[in-house]
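Enquirer: As a plain string of letters, each chain reads:
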Amino acid sequence: MKKFAVQDHDLVPPHILLSPEEAEQVLQQYGVEARQLPKIHVSDPVAKEIGAKVGDVIKVLRISPTARQAVFYRLVID
Amino acid sequence: MTVPKRIGKIRFGLISPQEFRKMSVVKIITADTYDDDGFPIEMGLMDPRLGVIDPGLRCRTCGGRPGECPGHFGHIDLIAPVMHVGFAKLVRKILRAICRECSRLMLLDHEKETFLEQIRTLEDLGQPTDDVVNKVFSEARKHKTCPYCGAPQREIKFERPLSYIEDGHKLTPSDIRDRFEKASDEDIQVMGMNPETARPEWIILTVLPVPPVTMRPSITLESGQRSEDDLTHKLVDIIRINQRFQENREAGAPQLIIEDLWELLQYHVTTFLDNTVSGVPPARHRSGRPLKTLSQRLKGKEGRFRGSLSGKRVNFSARTVISPDPNLSINEVGVPMDVARELTVPMIVNSRNIEVMRKYVARGPDNHPGVNYVQRADNRRVKVTDKNCGEVAEQLEVGWKIDRQLADGDVVLFNRQPSLHRMSIMAHRIKVMPYKTFRLNPAVCPPYNADFDGDEMNLHVPQTEEARAEAQILMRVQENILSPRFGGPIIGGIHDYVTGSFLLTHGERRISRAGLMEVLKKYDINDLPEPKGYDERGEPYWTGKQMFSLVLPRGLNLSFKADFCLACEQCKGPDCDNDAFVVIEDGQLLKGTIDAEAVGAFKGKVTDRIIKEYDPSVASTFLDRMTLLALRGIMLAGFSFGIDDEDIPVPAAEQIDDVTRTARENVQKLIEAYRAGELEPLPGRTLDETLEMRIMQTLGKARDSAGKIAGRYLGLDNSGVVMAVSGARGSMLNLTQMAACVGQQSVRGERIRRGYAGRTLPHFQRGDLGAEAHGFVESSYKDGLTPIEFFFHAIGGREGLVDTAIRTSQSGYLQRRLVNALQDLEVNYDGTVRETRGMIVQFKYGEDGVDASRRDYASPDNVRRIIKKVLAREDA
Numbered sequence: 001m002k003k004f005a006v007q008d009h010d011l012v013p014p015h016i017l018l019s020p021e022e023a024e025q026v027l028q029q030y031g032v033e034a035r036q037l038p039k040i041h042v043s044d045p046v047a048k049e050i051g052a053k054v055g056d057v058i059k060v061l062r063i064s065p066t067a068r069q070a071v072f073y074r075l076v077i078d
Numbered sequence: 001m002t003v004p005k006r007i008g009k010i011r012f013g014l015i016s017p018q019e020f021r022k023m024s025v026v027k028i029i030t031a032d033t034y035d036d037d038g039f040p041i042e043m044g045l046m047d048p049r050l051g052v053i054d055p056g057l058r059c060r061t062c063g064g065r066p067g068e069c070p071g072h073f074g075h076i077d078l079i080a081p082v083m084h085v086g087f088a089k090l091v092r093k094i095l096r097a098i099c100r101e102c103s104r105l106m107l108l109d110h111e112k113e114t115f116l117e118q119i120r121t122l123e124d125l126g127q128p129t130d131d132v133v134n135k136v137f138s139e140a141r142k143h144k145t146c147p148y149c150g151a152p153q154r155e156i157k158f159e160r161p162l163s164y165i166e167d168g169h170k171l172t173p174s175d176i177r178d179r180f181e182k183a184s185d186e187d188i189q190v191m192g193m194n195p196e197t198a199r200p201e202w203i204i205l206t207v208l209p210v211p212p213v214t215m216r217p218s219i220t221l222e223s224g225q226r227s228e229d230d231l232t233h234k235l236v237d238i239i240r241i242n243q244r245f246q247e248n249r250e251a252g253a254p255q256l257i258i259e260d261l262w263e264l265l266q267y268h269v270t271t272f273l274d275n276t277v278s279g280v281p282p283a284r285h286r287s288g289r290p291l292k293t294l295s296q297r298l299k300g301k302e303g304r305f306r307g308s309l310s311g312k313r314v315n316f317s318a319r320t321v322i323s324p325d326p327n328l329s330i331n332e333v334g335v336p337m338d339v340a341r342e343l344t345v346p347m348i349v350n351s352r353n354i355e356v357m358r359k360y361v362a363r364g365p366d367n368h369p370g371v372n373y374v375q376r377a378d379n380r381r382v383k384v385t386d387k388n389c390g391e392v393a394e395q396l397e398v399g400w401k402i403d404r405q406l407a408d409g410d411v412v413l414f415n416r417q418p419s420l421h422r423m424s425i426m427a428h429r430i431k432v433m434p435y436k437t438f439r440l441n442p443a444v445c446p447p448y449n450a451d452f453d454g455d456e457m458n459l460h461v462p463q464t465e466e467a468r469a470e471a472q473i474l475m476r477v478q479e480n481i482l483s484p485r486f487g488g489p490i491i492g493g494i495h496d497y498v499t500g501s502f503l504l505t506h507g508e509r510r511i512s513r514a515g516l517m518e519v520l521k522k523y524d525i526n527d528l529p530e531p532k533g534y535d536e537r538g539e540p541y542w543t544g545k546q547m548f549s550l551v552l553p554r555g556l557n558l559s560f561k562a563d564f565c566l567a568c569e570q571c572k573g574p575d576c577d578n579d580a581f582v583v584i585e586d587g588q589l590l591k592g593t594i595d596a597e598a599v600g601a602f603k604g605k606v607t608d609r610i611i612k613e614y615d616p617s618v619a620s621t622f623l624d625r626m627t628l629l630a631l632r633g634i635m636l637a638g639f640s641f642g643i644d645d646e647d648i649p650v651p652a653a654e655q656i657d658d659v660t661r662t663a664r665e666n667v668q669k670l671i672e673a674y675r676a677g678e679l680e681p682l683p684g685r686t687l688d689e690t691l692e693m694r695i696m697q698t699l700g701k702a703r704d705s706a707g708k709i710a711g712r713y714l715g716l717d718n719s720g721v722v723m724a725v726s727g728a729r730g731s732m733l734n735l736t737q738m739a740a741c742v743g744q745q746s747v748r749g750e751r752i753r754r755g756y757a758g759r760t761l762p763h764f765q766r767g768d769l770g771a772e773a774h775g776f777v778e779s780s781y782k783d784g785l786t787p788i789e790f791f792f793h794a795i796g797g798r799e800g801l802v803d804t805a806i807r808t809s810q811s812g813y814l815q816r817r818l819v820n821a822l823q824d825l826e827v828n829y830d831g832t833v834r835e836t837r838g839m840i841v842q843f844k845y846g847e848d849g850v851d852a853s854r855r856d857y858a859s860p861d862n863v864r865r866i867i868k869k870v871l872a873r874e875d876a
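These protein sequence lines map, in sequence, to chains A and B. With this note's numbering, letter number 12 in the first sequence gets 12, and the count goes up by one each step, no holes. With this note's numbering, letter number 757 in the second sequence gets 757, and the count goes up by one each step, no holes.
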């Protein structure tokens, strides 16, 4: 079977794995604990693809009809 | 204060007889309630250990007073087991799945294991296990003999409501209970039950819990007679039959009598639980009224959940019919005197207001605005009457509270259901008025979606200073002119307001001094503008545009195309021939006509500009003045619409006849071409579809050109056209249908085809594809429809009605689900959207952080305006 990358698909927005320092900065910015962020499963194809581990934070650059691009952060969970 | 606790888990199960006994504080053995002295009989249904309802007494179980003691359950030991109506279907399923001899679930061991595993996995995932469990029951039923003991199985027939018949013999509840008791824990788990919290034999009642008296209080009537609650009545029945049953059994009564009594006990227990079981006649009160038993208390709209927990009734509210009053401000609401006298606002007496308060109290309750109640410093409430008001006024001290009747200027909340958006509840200032209806300015009808064909609205009086402040700042009508739904003004002129401003401002309407006074007499305007000119007799005249400029705030600059702009190929802008391009400079209406686009609800460019450039109070003054001006304007011009406004000249009627005749002929030609096979199908369409489309097209065009012909003869001197063109009400299509031709009637977007085989009505040949055979209405409403046309019109009209009915119910449900899901979300100060636990839902509200009601359509026009403004400031 042919291997493919989900991120290449039009409907999958870019997912960027944040370093622990960057993640900490995001949490600081919003004044939240990691558990208050939206979640994503480690088993999610995108999470697997970018090699995320449980506890990491992923930055998602979604296409938004109102703001063109919207930034979301998702906490990788089990 | 109690610490809020988070619910970790809720587990549903059955209560075992042991548990019933454990929680019971008394065994009820006698059906009597009170003795001759009016004291509750011990071990009776009103036993003092079950809780207290009579004031002054204390609960014998917990020592609490009425209101403190929650009540305690008792129990009745049933002589023979009875079925529980709520579980009739489950009992049937279990009976059919287990062996009649050994009570084992009739599945092979390995089957049981796989099912159990599936159930466990689903439970771990928190998903419903119903499907697997149903599979278990249907599989087990397939065995004709028990795989364990080899006993042959019999068919079990279920008869509503509660009979299980095996081989012609009715199974008694005891038989069933015996079978269930023998079932093993493992088998019970495979059947989807947890043997620790729900064993099947617990479905069959041997002990009946007696609810505490607090949930079935008896009422003492004025005559001193006691009237018991429906539940108590039912419990009395149960105990009586239970006793008789016991006596008969001990006396060795014949089997037939025992069975009858058992059946009767079953009936009473069944109706105690649910009095609307089909097949069971409802238990009735002596008066013939069906009793309200347990299930009836919980079920339905007026039940405990929907009626008492989700919805409650409130004090300090009023409801009555609404009617219009254009003389009120949009911020006001007219309240009938009767309502104002009943509703009150609490006021605290302090050293600074005591004299004023005294005056209020001295007026008594009948002299509006008076006082209905006074609360003294020791929290005792005293009703103020005509007689004692003088006395109470003198006694008045600092620290007392008075309930002052509603008076002009009080802030109230005004609401019309369905409350679909936040503008359905707004804060108004009160204006006390005679008669019996709430009055409101018609300009605030759109946010409430109200009209005056009998609509009723609710009014609530905030009781605290905080509530009033919040209402004033957030909920006042003027704060809600801009709708967050689309960012435009939802409040504005409707109907006559639009017509009036159109008539006033269109062209150069000359207004004499007398007319001017007439138009402006309702205003606080003192300086008349310079006359526009002088007529032949040297009398000064003004124009409607000048009048309108008086209501505009100074410094307003704006230009836009009016609603009745004809969208000419080459827009001439300010030099528009139709006066359809509005130019406002420094608050002066220089060019153009004020219509729906300028001041109408949902559109209102002028309102929008004012609210964004100035502030809500300027906008509300503008709307108040505009509504008055528009009404004076329409009265000055005079406006009416009658049946002869639909008349069109004879030549026009002839032209329209020509158009429809040719259309009919064209349709005939199309049909002939189709029959001859000469019709070219459109791409992607069959020949039949092509024909239908071409016919629809031809007939649609005919209606349009008929409308155009009529339109040529109906000009701005026609009131219907004025209303349609200004956007006040109706459209040119409506006028076309009235004056020229109603047009094609349709069902689901197609010509009408249903009816008899091959034809719509027996008046036509089979297979007739012509215009009139499929619902083309050639007449106008004015001319009247032929019977056949009328029938087709009724078909099309009915479809419209059904559609709206379905649409409202569907969109209502959709809205409910959305609101339920989103109601606890909140936009925080950092722009994030979070729910109650602080979990982030959106990192920026709407992903762009924009409040729709604050944004100002990012158009180049804005840049130009800002530059103009800055330049003007530098000049000054």
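Derived by calculation from the structure, the hints in this document are not laboratory data. Quick caveat: nothing in here was measured; it's all calculated off a predicted structure. Please note that the accuracy of each hint is not assured.
Claimed, not checked - Only pairs whose alpha carbons sit at most 20 angstroms apart, straight line, appear in this in silico EDC-like list of lysine to aspartate or glutamate:
no., chain 1, residue 1, chain 2, residue 2
1, B, K93, B, E181
2, B, K144, B, D130
3, B, K89, B, E263
4, B, K844, A, E24
5, B, K701, B, D645
6, A, K59, A, D10
7, B, K144, B, D167
8, A, K39, B, D167
9, A, K59, B, D848
10, B, K292, B, D386
11, B, K170, B, E201
12, A, K59, B, D830
13, A, K59, B, D260
14, B, K170, B, E186
15, B, K708, B, D647
16, B, K844, B, D830
17, B, K170, B, E263
18, B, K144, B, E155
19, B, K844, A, D10
20, B, K844, A, E22
21, A, K39, B, E847
22, B, K22, B, D77
Enquirer: Are the hints correct? Go through all of them and say.
Expert: We went through each hint and held it up to the structure:
1. B:K93 <-> B:E181: holds (16 angstroms)
2. B:K144 <-> B:D130: Outside the cut-off at roughly 24 angstroms; violated.
3. B:K89 <-> B:E263: holds (19 angstroms)
4. B:K844 <-> A:E24: Holds. K844 of chain B to E24 of chain A sits at ~19 angstroms (cutoff 20 angstroms).
5. B:K701 <-> B:D645: Violated: K701 of chain B and D645 of chain B sit about 24 angstroms apart, past 20 angstroms.
6. A:K59 <-> A:D10: holds (17 angstroms)
7. B:K144 <-> B:D167: Distance of about 14 angstroms is within 20 angstroms: holds.
8. A:K39 <-> B:D167: Between K39 of chain A and D167 of chain B the Cα gap is close to 59 angstroms, so the pair fails against 20 angstroms, i.e. violated.
9. A:K59 <-> B:D848: holds (17 angstroms)
10. B:K292 <-> B:D386: Distance ~43 angstroms between K292 of chain B and D386 of chain B Cα, so the pair is violated.
11. B:K170 <-> B:E201: holds (18 angstroms)
12. A:K59 <-> B:D830: Within the cut-off at roughly 19 angstroms; holds.
13. A:K59 <-> B:D260: Between K59 of chain A and D260 of chain B the Cα gap is close to 74 angstroms, so the pair fails against 20 angstroms, i.e. violated.
14. B:K170 <-> B:E186: Violated: K170 of chain B and E186 of chain B sit about 28 angstroms apart, past 20 angstroms.
15. B:K708 <-> B:D647: holds (15 angstroms)
16. B:K844 <-> B:D830: holds (8 angstroms)
17. B:K170 <-> B:E263: holds (12 angstroms)
18. B:K144 <-> B:E155: It holds: about 9 angstroms lies between the C-alpha atoms, which stays within 20 angstroms.
19. B:K844 <-> A:D10: violated (23 angstroms)
20. B:K844 <-> A:E22: It holds: about 19 angstroms lies between the C-alpha atoms, which stays within 20 angstroms.
21. A:K39 <-> B:E847: Measuring from Cα to Cα gives roughly 18 angstroms; hence the hint holds.
22. B:K22 <-> B:D77: The given pair, whose Cα atoms are some 13 angstroms apart, holds under the 20 angstroms limit.
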